[in-house]
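Heads up: the protein sequence lines correspond to chains A and B, in order. In this text, residue positions in the first sequence follow the working numbering: the first is 146, and each later residue adds one. In this text, residue positions in the second sequence follow the working numbering: the first is 512, and each later residue adds one.
Check the hints yourself; a few may be wrong.
To be verified - In silico SDA-like cross-links for lysine to any residue, where the CA-CA straight-line distance does not exceed 20 Å:
1) Lys816(A) x Arg699(B)
2) Lys513(B) x Ile189(A)
3) Lys513(B) x Arg201(A)
4) Lys513(B) x Ile942(A)
5) Lys688(B) x Ile925(A)
6) Lys813(A) x Thr721(B)
7) Lys755(B) x Ile942(A)
8) Lys513(B) x Pro221(A)
9) Lys513(B) x Asp305(A)
10) Lys513(B) x Ala278(A)
11) Lys813(A) x Arg787(B)
12) Lys513(B) x Lys816(A)
13) Lys513(B) x Ile212(A)
14) Lys513(B) x Ala866(A)
To be verified - Pulled a few chain A residues facing chain B out of the computed Cβ check, cut under 7 Å:
15) Glu281
16) Thr329
17) Asp438
18) Asp808
19) Thr809
20) Lys813
21) Leu815
22) Gly874
23) Ile934
I should point out that these hints are in silico values taken from the structure, not numbers from a laboratory. Using N, Cα and C, we set each Cβ at its ideal position, and we do this for glycine too.
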Amino acid sequence: MTRTPENRDAFSVLDRPNSYIGKTVPRPNLDRLMQGRGQYVSDIELPRMAHVVFLRSPYAHAKITGIDAAAAKRMPGVIAVVTGQEIAPVITPWVGVLSHLKGLKSAPQSAIAVDRVCWQGEAVAAIIATSRAAAEDAAEHISVAYEELDAVTDMQTALDPTTSVIHPALGDNLAFERNHDAGTVDAAFAASDEVVEAEFIFGRHTGVTLEPRSVVADWNSAEGRLTIYQGTQAPHMVQNIAALHLGLQESQVRVVCKDVGGSFGIKVHIYADEMATYALSKLLRRPVKFVADRVESFNTDIHARDHRCKGKIGVKCDGTITAFEIDDLTGIGPYSMYPRTSAIEANQVVNLVGGPYATKNYRARARVVFQNKNVMCQYRAVGHPIACSVTEGLVDLAAMKIGMDPVEIRRRNLIADDAYPCASPSGLRFEQLSHHAALAKLIKMMDYDALRAEQTTLRARNIHRGIGIASFIEVTNPSAAFYGVGGAKISSQDGVAVRLDAQGAVVCQTSITEQGQGSESLTAQIVGSVLGVSMDRVRVILGDTDNTPYGGGTWASRGAGIGGEAALQATKVLRKNILDVAAAILQSSSGELDIVNNNVVNVSDSAPRIELSELARIVYFRPDTLPPGIQAELMATRHFVPREYPFAFTNGVQASWLEVDTDTGFVKLLKHWVVEDCGTIINPQLVDEQIRGGVVQGLGAALFEKCIYDERGQLTNANLADYLVPMSGEMPDIDVGHVVSPTLESELGAKGAGEAGTAGAAAAVTNAVNDALSPFGTIITEIPLTPQIILTALGRI
Amino acid sequence: MKASAFAYARATSVVNALELLAVYGDKAKVLSGGQSLMPAMNLRLISPEFIVDIGELAELRGIFVKGDVITVRALTRHVDVLRSPEIATHAPLLRDATSHVAHPAIRNRGTLGGSLAHADPASELPACMVALGATVIVCGPQGERRVPAQEFFTGIYETALSPQELLVAVELPVARKDSAHFFHEFARRHGDYAMVGLAAQSTIVGGQFTDLRLGFFAVGDRPLLAGAAGKLVNVAVTPEVLAKASVILGEELDPQEDQQATPAMRRHLAQVLLQRCVSTLLSRPDLQGLPAR
Ligand SMILES: Cc1cc2nc3c(=O)[nH]c(=O)nc-3n(C[C@H](O)[C@H](O)[C@H](O)COP(=O)(O)OP(=O)(O)OC[C@H]3O[C@@H](n4cnc5c(N)ncnc54)[C@H](O)[C@@H]3O)c2cc1C
Numbered sequence: 146m147t148r149t150p151e152n153r154d155a156f157s158v159l160d161r162p163n164s165y166i167g168k169t170v171p172r173p174n175l176d177r178l179m180q181g182r183g184q185y186v187s188d189i190e191l192p193r194m195a196h197v198v199f200l201r202s203p204y205a206h207a208k209i210t211g212i213d214a215a216a217a218k219r220m221p222g223v224i225a226v227v228t229g230q231e232i233a234p235v236i237t238p239w240v241g242v243l244s245h246l247k248g249l250k251s252a253p254q255s256a257i258a259v260d261r262v263c264w265q266g267e268a269v270a271a272i273i274a275t276s277r278a279a280a281e282d283a284a285e286h287i288s289v290a291y292e293e294l295d296a297v298t299d300m301q302t303a304l305d306p307t308t309s310v311i312h313p314a315l316g317d318n319l320a321f322e323r324n325h326d327a328g329t330v331d332a333a334f335a336a337s338d339e340v341v342e343a344e345f346i347f348g349r350h351t352g353v354t355l356e357p358r359s360v361v362a363d364w365n366s367a368e369g370r371l372t373i374y375q376g377t378q379a380p381h382m383v384q385n386i387a388a389l390h391l392g393l394q395e396s397q398v399r400v401v402c403k404d405v406g407g408s409f410g411i412k413v414h415i416y417a418d419e420m421a422t423y424a425l426s427k428l429l430r431r432p433v434k435f436v437a438d439r440v441e442s443f444n445t446d447i448h449a450r451d452h453r454c455k456g457k458i459g460v461k462c463d464g465t466i467t468a469f470e471i472d473d474l475t476g477i478g479p480y481s482m483y484p485r486t487s488a489i490e491a492n493q494v495v496n497l498v499g500g501p502y503a504t505k506n507y508r509a510r511a512r513v514v515f516q517n518k519n520v521m522c523q524y525r526a527v528g529h530p531i532a533c534s535v536t537e538g539l540v541d542l543a544a545m546k547i548g549m550d551p552v553e554i555r556r557r558n559l560i561a562d563d564a565y566p567c568a569s570p571s572g573l574r575f576e577q578l579s580h581h582a583a584l585a586k587l588i589k590m591m592d593y594d595a596l597r598a599e600q601t602t603l604r605a606r607n608i609h610r611g612i613g614i615a616s617f618i619e620v621t622n623p624s625a626a627f628y629g630v631g632g633a634k635i636s637s638q639d640g641v642a643v644r645l646d647a648q649g650a651v652v653c654q655t656s657i658t659e660q661g662q663g664s665e666s667l668t669a670q671i672v673g674s675v676l677g678v679s680m681d682r683v684r685v686i687l688g689d690t691d692n693t694p695y696g697g698g699t700w701a702s703r704g705a706g707i708g709g710e711a712a713l714q715a716t717k718v719l720r721k722n723i724l725d726v727a728a729a730i731l732q733s734s735s736g737e738l739d740i741v742n743n744n745v746v747n748v749s750d751s752a753p754r755i756e757l758s759e760l761a762r763i764v765y766f767r768p769d770t771l772p773p774g775i776q777a778e779l780m781a782t783r784h785f786v787p788r789e790y791p792f793a794f795t796n797g798v799q800a801s802w803l804e805v806d807t808d809t810g811f812v813k814l815l816k817h818w819v820v821e822d823c824g825t826i827i828n829p830q831l832v833d834e835q836i837r838g839g840v841v842q843g844l845g846a847a848l849f850e851k852c853i854y855d856e857r858g859q860l861t862n863a864n865l866a867d868y869l870v871p872m873s874g875e876m877p878d879i880d881v882g883h884v885v886s887p888t889l890e891s892e893l894g895a896k897g898a899g900e901a902g903t904a905g906a907a908a909a910v911t912n913a914v915n916d917a918l919s920p921f922g923t924i925i926t927e928i929p930l931t932p933q934i935i936l937t938a939l940g941r942i
Numbered sequence: 512m513k514a515s516a517f518a519y520a521r522a523t524s525v526v527n528a529l530e531l532l533a534v535y536g537d538k539a540k541v542l543s544g545g546q547s548l549m550p551a552m553n554l555r556l557i558s559p560e561f562i563v564d565i566g567e568l569a570e571l572r573g574i575f576v577k578g579d580v581i582t583v584r585a586l587t588r589h590v591d592v593l594r595s596p597e598i599a600t601h602a603p604l605l606r607d608a609t610s611h612v613a614h615p616a617i618r619n620r621g622t623l624g625g626s627l628a629h630a631d632p633a634s635e636l637p638a639c640m641v642a643l644g645a646t647v648i649v650c651g652p653q654g655e656r657r658v659p660a661q662e663f664f665t666g667i668y669e670t671a672l673s674p675q676e677l678l679v680a681v682e683l684p685v686a687r688k689d690s691a692h693f694f695h696e697f698a699r700r701h702g703d704y705a706m707v708g709l710a711a712q713s714t715i716v717g718g719q720f721t722d723l724r725l726g727f728f729a730v731g732d733r734p735l736l737a738g739a740a741g742k743l744v745n746v747a748v749t750p751e752v753l754a755k756a757s758v759i760l761g762e763e764l765d766p767q768e769d770q771q772a773t774p775a776m777r778r779h780l781a782q783v784l785l786q787r788c789v790s791t792l793l794s795r796p797d798l799q800g801l802p803a804r
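All chains, full assembly: derive it from the sequences and hints.
So, in structure tokens, the structure goes:
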């Protein structure tokens, strides 16, 4: 379904001749990256640069009773060994709470643990040396005396009165609780023909970025300025936080973020070891580099998910869903992360459950508890996979109970495509979604009926294949409602500056960032299209707080929708300014002129009038030839933030087709389909890559990825041999289709697409496994779906 | 994740390598393809003081067929095994197994000798050696020793090699005309070490096994040549016969628990493999899909 916007003119800016919008064009940064000329933090070498290695706690919870670093300090190459106590005067602790998450509490966290460690992997000392190897050698010679304390590891017992309280000052281990009650849930259940319940279990997993977290901090005491080179998604946020805790003005901190090797939400937070690195540079008055190794990445990069969610659904025999109810529990480690907090995922679960469906009856409780495990926080598709798996799992269970086809029950309950604008029972406002159009397209793409027939035929031969469907909604383009209203200095607006240089090329500075998803490309596409210049003339600069407008960066699927609109608006102004000058030069009027293919042309007959390079030459070098009173302004800046809707919701639906080997418990993914609606598509290939990459991360959660802790809080698979990331050999072909409902909040009409794939993939797979296993009368609601879990459910072992 | 400092020498000959090993004893480690040794050093699981790099020794390279014996020298890389026409013809089990070892980047460097000396109980190649009845050729200060594969693997990462010795080659019998092999492993991702795997070599005459060697891996502390095979040789294999062999297999296995699988699961998967192996080798689909136990 494609909506025609009421104001057709509004889109003409995109439908110009030679527009790059909606076209697959190669990313401008591709050659640079392919030829190994990217610049990652690890590539940065500065004079006098030292390397820091953190000695990390082997215990999940322990008192530090003494640190003896004398021997380490004598080791060759060692510059300093710094403890939590010693670094404390340089950097203040922080508390990861936000005021709009009512009741959220957390304890002060320090850059380096001071007298107590709260998870295995927390830093207890920093060793600064001339090389990483020398620092690692020295780390082995530090002796730390620990007194082990009770570790709170099981979230199910974290709130028991007999369980010790991790931060006694907080009174208990409950970080946050949210209750929501909409409609008439009890009456709805009472009036249902069937009520089905299940408990859904989600493994803790993490983002596994190809490039680990890395920082070079360079305190220049002569300038009184700290330059931070960091692979981050949000440079201005880092600037704000570093300044705040180092006692500096923001103007004293510059954050430079060149190439970033993947982030997925892992690199949008402030980590203690990064804060310590900033502080160490200030303390030691020299550049300090920290590059996490893989083991410490597993132990300190935020983990995500780790939920147990009880769910309940009511349904009538005609398929009408009457109500949803959930009770979610999640464990977040010992501290709420800073500054976005660790309550957001549970909060999102409450927001999103039941979101695609029409029922107004919804009750939810979410509790977030502290544990002595690594910190947990926002990772790609925050809360969505939980909410989607619970919702879609319940919908399938309801369908099974009343003997209805899973597609049919969705048809009968998804919000109608003409019902918008409307709101979900949790209060989310939807501008325009397209659940039915998306489902119809999906059914066609996968040839649903043929697959069902194939499934039946194969079953007779003891081959067990399953189909799983999962509809979802996705939060994108967040306004200040996400963080700003809670007091976080995380900008929800973004800015773009574009200028025509002296040879008619365009320099574009944007506050959104690039981590591989194509921000640079989509910005250049928009600028090139709106201005009428070829993309090779557009150079995009991002990731530098000294050299870009102020803005939020890239997270929550906001780069294209918010940063892209700012680029569009800035370029419109530049275009107008160029045409005004052109009109003066050509003794024409700007209305009669346009810019096409780097030339100012006549609107009437498209005849070229003046090349932009010539125009730029006149403006910059011969302004004396311009008519009096004309001051050319060949640079324009615009900012954008959505104001009408707190979030631009998108929607979509996924399907999985797979085979379960009931003798071995192995699942073979045969095919995966996604239809999603992100509004205007700027670059179809980039969008499809985002969807596919997101699906793969969702499939990882469904089948492979899990941080396995023992009961003492030890992470037992902190390496890439034992922690299984999804690899290409096991991935199915992923077909992606689109429905386009542009948001009318912006001229661009783009919503986000970065998290849709992750949102629904695990739900589709779980539903497909249960569909395959339906002849065996077993239902599995735990991911990852390991062979061990499947064989156990089948009673084979 | 940086190795601690070590001294390094590139051996110029087998004799030179043995001299170096004799001097440094168990403080030294042989470096072959480095695909197991270097990760362990970078994780500081081991910190050898001295590395003897045998990578340049041309005398340890090559695959040769002489009579009914194929000799595969220690530095033969996994990729060389995969590409070798001699292996494809005379030891196809080894080729099939090697395609399950890790990924191309690792197979380009990792060596057969390194894999066998490393003796990971979940590795494919030791099990192949046992199934094929290979002889491991070892050189030490006292000269050459020939060790049957079954005696070579003595435990988790443990072999009959002493720190002064070098594994120089393996000898495999050339596959007979009436032979058939089977290789399969259960791994959650292609290229991972197996949860359970089976390398089997057999001869079949008139629809019956006249010989069957079942090399299971990842089911104990070393590759296991299953005695259960004895129940399947020189008999007409019926579902009952197979079930009996399966029970015996279950009894002779002593699998370990790890994050992937409990001992019960490993035993079960081994039994599934046995069934699939027998049914495949004998082309008897009727033996598939029976209860594994
Ligand atoms: C990501 C990854 C996945 C892998 N997956 C698998 C897999 O699925 N299956 C599998 O079997 N292997 C796997 N491996 C290991 C790989 O096959 C290695 O090549 C092999 O285990 C060791 O061979 P190497 O030549 O690299 O030996 P090295 O790493 O150089 O040496 C290994 C050990 O053997 C000793 N050694 C080596 N050569 C000799 C010799 N000639 N004489 C005496 N001692 C010697 C060394 O001192 C060392 O202790 C994997 C490796 C990686 C990194």
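> Straight-line Cα separation of lysine 813(A) and threonine 721(B) no greater than 20 Å?
Replying inline: Violated: lysine 813(A) and threonine 721(B) sit about 35 Å apart, past 20 Å.
>> Hint check: lysine 513(B) vs lysine 816(A), CA-CA at most 20 Å. Holds or violated?
In response: Between lysine 513(B) and lysine 816(A) the Cα gap is close to 41 Å, so the pair fails against 20 Å, i.e. violated.
> With a cut-off of 7 Å, does the beta carbon of isoleucine 934(A) approach a beta carbon of chain B closely enough for the hint to hold?
Replying inline: violated, 10 Å
> With a cut-off of 7 Å, does the beta carbon of leucine 815(A) approach a beta carbon of chain B closely enough for the hint to hold?
Replying inline: violated, 16 Å
>> Can you confirm whether the C-alpha distance between lysine 513(B) and isoleucine 189(A) stays at or below 20 Å?
In response: holds, 19 Å
> Is lysine 513(B) close enough to alanine 278(A), meaning Cα to Cα at most 20 Å?
Replying inline: holds, 5 Å
> Between lysine 813(A) and arginine 787(B), is the straight-line Cα distance small enough, at 20 Å or below?
Replying inline: At roughly 18 Å apart (the allowed maximum being 20 Å), arginine 787(B) and lysine 813(A) satisfy the hint.
> lysine 755(B) and isoleucine 942(A): Cα distance at most 20 Å?
Replying inline: holds, 18 Å
> Once the shortest beta carbon distance from lysine 813(A) to chain B is found, is it less than 7 Å?
Replying inline: violated, 11 Å
>> Using the nearest Cβ pair, does aspartate 808(A) come within less than 7 Å of chain B?
In response: holds, 5 Å
> Is lysine 513(B) close enough to alanine 866(A), meaning Cα to Cα at most 20 Å?
Replying inline: holds, 18 Å
> With a cut-off of 7 Å, does the beta carbon of threonine 809(A) approach a beta carbon of chain B closely enough for the hint to hold?
Replying inline: OK, holds: threonine 809(A) within 7 Å of chain B, min 6 Å.
In terms of the numbered hints stated before, the structure departs from hints 4, 5, 6, 9, 12, 13, 16, 20, 21 and 23, listed from lowest to highest.
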